[in-house]
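Peer 1: Please build the complex by placing chain B on the supplied structure of chain A, with the hints as guidance.
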Amino acid sequence: MLNSQLILNQSIIDDEWTFVALPSENEEIKKQAGKVVLFKLTGESSPSELQINETVIPQNSKIILPLSVYLKNREALKTRLKNNEIALWLATHETLHALITIEKDINIFPLIAIFVERFQDGRIFSLGNLLRTRYQFKNTLRAFGDVLQDQLFYLKRSGFDSYLIKTGKDVHEALKALQSFSDPYQGAVDIKEPVWKRRVRS
Amino acid sequence: MYQYDNIDQTIVNERVAQFRDQTSRYLSGKLTDDEFRPLRLQNGLYIQRHAPMLRIAIPYGLLSSKQLRKLADIADRFDRGYGHFSTRQNLQLNWPKLEETPDILEELSKVEMHAIQTSGNCIRNITTDQFAGVAPDEIIDPRAIAEILRQWSTFHPEFSFLPRKFKIAVSGSKQDRAIVQAHDIGLEFYYDKKQKMAIRVWVGGGLGRTPILGSVIREHLEWEHALTYCEAIIRVYNLHGRRDNIYKARIKILVKALGIEEFKKQVEAEWLHLKNSPNTINENELKRVAKFFTSMPYEKLNDQDDVFDQAIQNNKAFASWVKRSVHPHKQKGYQSVTLSLKPHGLAPGDATSDQMRIVAELADQYSFGELRVSHEQNLILADVKLKDIFNVWEKAKAHQLATPNIGLLTDIICCPGGDFCSLANAKSIPIATSIQEAFDDLDYLHDIGELELNISGCMNACGHHHIGHIGVLGVDKDGSEWYQVTIGGKQGSDASLGTVIGPSFAAEEMPGVIKKLIDVYIKQRNPEESFIDTVRRIGVNPFKEHVYA
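These protein sequence lines are chains A and B, in that order. Count along the first sequence from 1, then add 399; that gives the number in our numbering. Once you know that position 46 of the second sequence is 26 in our numbering, the rest is easy, because the numbers rise by one and skip nothing.
Chain A extracted, bound-state conformation:
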């Protein structure tokens, strides 16, 4: 049995991609209404120049780069991109705006990954949907971070086909959740038509 937490479609597979993180920054703890702020605002806090510049880009593997680091090094990465070695990741509070303004065809990336820091952050579903429907992304769409069994069905329906299950959680159990509902009501990314258009109902 594979020692992997990664699901692609219906199978557990080894990860051929190397994840490139941003160097961490000392972020101050923010509070709102007496509580620690757990979610970043959409469009807030892009990585700093320093973080972007200090990110080490591995040379000899297939890598998933932060969107900001890719945009900064776009020219230098052209050949590797052609060799299918460059993928992107962005977090749920980032918007797709920068990406789609600069890359007319996002299918040059074999994989785009969305980082969800907390599973309750439903922006990941809208981002998946937009990438698949509005921007016609056809390659692998991966969710990583706080990715748990009980959100997989929604992720699948929102266009994701790859899920890196959180460390410590049972990936085999998680796999089952992709089949939670056999015939969902509404049209979404995976099954486009709502049930009343798919079936004859009494």
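Just so you know, not all the hints are guaranteed correct.
[To be verified] No farther apart than 25 Å at their CA atoms in a straight line, the calculated lysine-lysine pairs in the BS3-like style are these:
id, chain 1, residue 1, chain 2, residue 2
1, A, K591, B, K377
2, A, K430, B, K46
3, B, K10, A, K565
4, A, K434, B, K236
5, A, K481, A, K537
6, A, K439, B, K228
7, A, K596, B, K176
8, B, K267, B, K255
9, B, K303, A, K429
10, A, K503, A, K471
11, B, K176, B, K46
12, B, K303, B, K375
13, B, K46, B, K255
14, A, K434, B, K267
15, B, K271, A, K575
For the record, the hints were derived by calculation from the structure and aren't laboratory data.
Peer 2: Just chain B now, with coordinates in the frame of chain A:
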């Protein structure tokens, strides 16, 4: 009413299996509290003061007698023999056991019921007018679209983890009874110039900590686009609503921050992409669902009935109950009857399992086996023949379901409050019962006339206190319970939010405060003028001065 086909039934069955698995993973320690919380909430399960609370969905407030009997059986078997009908037309059980909730859901699924999305940061139970389909002022019966919305919103993959809860109300009558202006989205149906069904779309209303009445985002939307337009609104909200502060996370805050014009611009831009996408409703689907909501097989009757008229003449108690509890009907010879869940001195909105069975029997005998739950927390038999009303009254009266106080001061709208709810700052039921006891003189009550009194135990406003003619809000001051009073709120097409009259009161002062407010009204009112109209005419000050004198 709507009947499940295999597709509906399979979805509900699969949900039961899913929740059974989630609960067992939680109990065995595989899911943390934080991971389980949104899952149980999306099945209506709260962890409360004494026990969990389970909120069962009653889509748009419509129930069959068979379903109500099942609810009675569940209340007996899994709870303490009663349930609480809420201001969102749902039923809450106060004493279920966490480990038994999957069994409760399984029982519910046998009568086409569930607890899906009755809580959590998702699209909640769709609500509407309790007189839908029978009201004489109805333009369009909104229930078919409400059912289509229910199905569309059930496990909507994109909108199951929104910044905060999301409530949609639909209405199709001249006089709004669904409070569309106090919802995240309100859909108001009408016929446009071409005699085509259209929707006026309200957005960004809500009560809670920051009460705001909604704004019209679109004056005219063709009905086919109801779902895709909602998707556009909710997508903008999902992406840009605030997740950093729970108190600023509702859509109303986003709409307010952007301004309705900018918000509309963003929604319309989003909708350009979604318009005519597969979730666009078609004529076939509307027809398929609408056929479940066609008129009942009414008999041809006269507008007048001798038995009924004589009973009114001969029985004063019956006559005064009829005045409050019987409502006009579009069909000649039929009326709608409200059964009061507000007997004086008991928790507003509560019904015992025996009462539920009696109401089920009444529905079978006199109202085509169906009933409605109103957001005022009463039960309605929608289609009763004039000649049967006296029989309904006698039976209802024998079971404490005929307090003649509908629409009057003691028909108090009230959340469970600090007796049960762990969010509450203060108790609300004892305030309600002490006011009911202070106004136990029925003649006086009828003389005061139309008055809506709403009580919430905290600023989450489950008792809708902002839109009560008199609103009472429980607040916590240094660990003790106090009550803030507002007047001048109103539901309906001319909705308004109440104004705080001044510093809050202790619990024992509350009946006296209400009495003083009523004194001012009685003294100042014009003939036939209701409490709310007097407040609107003379303003808050005369009331304030007398209460704090």
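Peer 1: Next, verify each hint and record whether it holds.
Peer 2: Evaluated hints:
no.	hint	result
1	A:K591 / B:K377	violated (53 Å)
2	A:K430 / B:K46	violated (50 Å)
3	B:K10 / A:K565	holds (13 Å)
4	A:K434 / B:K236	holds (23 Å)
5	A:K481 / A:K537	holds (17 Å)
6	A:K439 / B:K228	holds (14 Å)
7	A:K596 / B:K176	holds (23 Å)
8	B:K267 / B:K255	holds (21 Å)
9	B:K303 / A:K429	violated (58 Å)
10	A:K503 / A:K471	holds (17 Å)
11	B:K176 / B:K46	violated (36 Å)
12	B:K303 / B:K375	holds (18 Å)
13	B:K46 / B:K255	violated (40 Å)
14	A:K434 / B:K267	violated (49 Å)
15	B:K271 / A:K575	violated (37 Å)
Against the hints set out earlier in the document, violations occur for numbers 1, 2, 9, 11, 13, 14, 15.
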